[in-house]
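These are the residues of each chain, in order.
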Amino acid sequence: GENVEQHPSTLSVQEGDSAVIKCTYSDSASNYFPWYKQELGKGPQLIIDIRSNVGEKKDQRIAVTLNKTAKHFSLHITETQPEDSAVYFCAARDSNYQLIWGAGTKLIIKP
Amino acid sequence: SAVISQKPSRDICQRGTSLTIQCQVDSQVTMMFWYRQQPGQSLTLIATANQGSEATYESGFVIDKFPISRPNLTFSTLTVSNMSPEDSSIYLCSVGITTGVPEAFFGQGTRLTVV
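Protein chains in written order, with the working numbering: chain A, 19 to 129; chain B, -17 to 97.
Treat the hints as calculated values from the structure; they're not laboratory data. Some hints here could point you the wrong way.
Every beta carbon over 10 Å from chain A, so not counted as near; a handful from chain B, in silico [to be verified]:
| no. | residue |
| --- | --- |
| 1 | Q(-12) |
| 2 | C(-5) |
| 3 | Q6 |
| 4 | M13 |
| 5 | N32 |
| 6 | F43 |
| 7 | K47 |
| 8 | F48 |
| 9 | S70 |
| 10 | V96 |
The following label-pair restraints were derived from C-beta to C-beta distances [unchecked claim]:
| no. | chain 1 | residue 1 | chain 2 | residue 2 | range |
| --- | --- | --- | --- | --- | --- |
| 11 | B | T2 | A | K60 | 16 to 24 Å |
| 12 | B | Q10 | A | I126 | 38 to 46 Å |
| 13 | B | F43 | A | Q78 | 13 to 21 Å |
| 14 | A | Q32 | B | T(-1) | 42 to 50 Å |
| 15 | B | R(-3) | A | H25 | 20 to 28 Å |
| 16 | A | K89 | B | Q10 | 31 to 39 Å |
| 17 | B | E85 | A | Q78 | 12 to 20 Å |
| 18 | B | V97 | A | K60 | 18 to 26 Å |
| 19 | A | Q99 | B | S(-17) | 19 to 27 Å |
| 20 | A | K60 | B | S9 | 39 to 47 Å |
| 21 | A | R69 | B | Q10 | 20 to 28 Å |
| 22 | A | E97 | B | R(-3) | 46 to 54 Å |
| 23 | B | S66 | A | S46 | 34 to 42 Å |
Every value quoted in this text rests on a predicted model; they were computed, and no experiment measured them. Ideal placement from N, C-alpha and C gives every residue a C-beta, glycine not left out.
Between the sequences and the hints, there should be enough to build the whole structure, so can you do that?
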């Protein structure tokens, strides 16, 4: 079945710098890759997603890239701000329509 | 998107008791799911709530421990039965609007502490 690995587990960046979180997946049939942000005491919030027929997608300061050949996808956050501090999860939707989750990355924005 | 309301938002329960968590969606949705998230961990799917039929449980989760109801397309409940401290977790309701739309949305979660 599908397996998703996420790195790093913790990422600390200076405010204003960029942050990159990477995920790899194992099932070449997976075709949908969302990213979620989870703030303390809240449920995960979908922030951006990408489908397998697209290589890159941007939404203001957030972008996601997908390399189907290498089976990895990444979240890029530019000009980081204090409110970007949270736990970020990647996921892949497998052939059974299930979301398989990464372990999460705690992003810390240093002032 | 969909607006998902979960109740209660948190609770502290005695071991051996049961708690029922409610999930209400502001629109009809095709798919509803229940997840568990242990402290500092990722999400683990408990089951898919099926409207009008028994839920589909993932490996390691059983109906006697986590009975689920879904009487219509906007509402579901998860019961955590005969609780022990190991059941202390965040329980999350998630919905998929239609099978053709892959996005999944989450409620704010129920933080359960069993003492």
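Right, here's what the structure says about each hint:
For Q(-12)/B, the shortest C-beta to C-beta distance to chain A comes to about 8 Å, within the 10 Å cut-off, and the non-interface label is violated. With a minimum CB-CB distance of about 19 Å to chain A, C(-5)/B clears the 10 Å threshold, and the non-interface call stands. Remark: the non-interface label on Q6/B is consistent with the geometry, its nearest Cβ contact in chain A lying 14 Å away (cut-off 10 Å). Listed as outside the interface, M13/B is inconsistent with that label: its C-beta sits roughly 8 Å from the nearest C-beta of chain A, within the 10 Å cut-off.
The claim that N32/B is not at the interface with chain A holds, since no C-beta of that chain comes within 10 Å of its own (minimum 13 Å). F43/B, annotated as away from the interface, keeps every beta carbon of chain A farther than 10 Å; the closest lies near 14 Å. The Cβ of K47/B sits about 21 Å from the closest Cβ of chain A, beyond the 10 Å cut-off, so the non-interface label holds. In this structure F48/B is separated from chain A by more than 10 Å, as the shortest Cβ-Cβ distance comes to about 17 Å.
In this structure S70/B is separated from chain A by more than 10 Å, as the shortest Cβ-Cβ distance comes to about 15 Å. At roughly 19 Å from the closest C-beta of chain A, the C-beta of V96/B stays outside 10 Å, upholding its exclusion from the interface. For the pair T2/B and K60/A, the beta carbons lie near 22 Å from each other, so the given range of 16 to 24 Å is met. For Q10/B and I126/A, the hinted distance range of 38 to 46 Å is satisfied, since their beta carbons lie about 40 Å from each other.
Between F43/B and Q78/A, the C-beta spacing of about 38 Å breaks the proposed range 13 to 21 Å. For the hinted restraint 42 to 50 Å between Q32/A and T(-1)/B, the CB-CB distance of approximately 48 Å keeps it satisfied. Between R(-3)/B and H25/A the CB atoms are about 37 Å apart, so this pair departs from the stated range of 20 to 28 Å. For K89/A and Q10/B, the Cβ-Cβ distance of about 35 Å falls inside the hinted range of 31 to 39 Å, so the restraint holds.
Distance hint check: the CB atoms of E85/B and Q78/A are about 18 Å apart, consistent with the given range 12 to 20 Å. At roughly 24 Å, the beta-carbon separation of V97/B and K60/A lies within the given 18 to 26 Å, and the hint holds. For Q99/A paired with S(-17)/B, a C-beta distance near 23 Å keeps the hint of 19 to 27 Å intact. In this structure the supplied range 39 to 47 Å is violated for K60/A paired with S9/B, their Cβ-Cβ distance being about 21 Å.
Distance hint check for R69/A and Q10/B: the Cβ-Cβ separation is about 24 Å, which falls inside the suggested range of 20 to 28 Å. For E97/A and R(-3)/B, the hinted distance range of 46 to 54 Å is satisfied, since their beta carbons lie about 48 Å from each other. One distance hint, 34 to 42 Å for the beta-carbon pair S66/B and S46/A, holds here, with the actual separation near 40 Å.
Checked against the numbered hints above, the structure violates hints 1, 4, 13, 15, 20; every other hint is satisfied.
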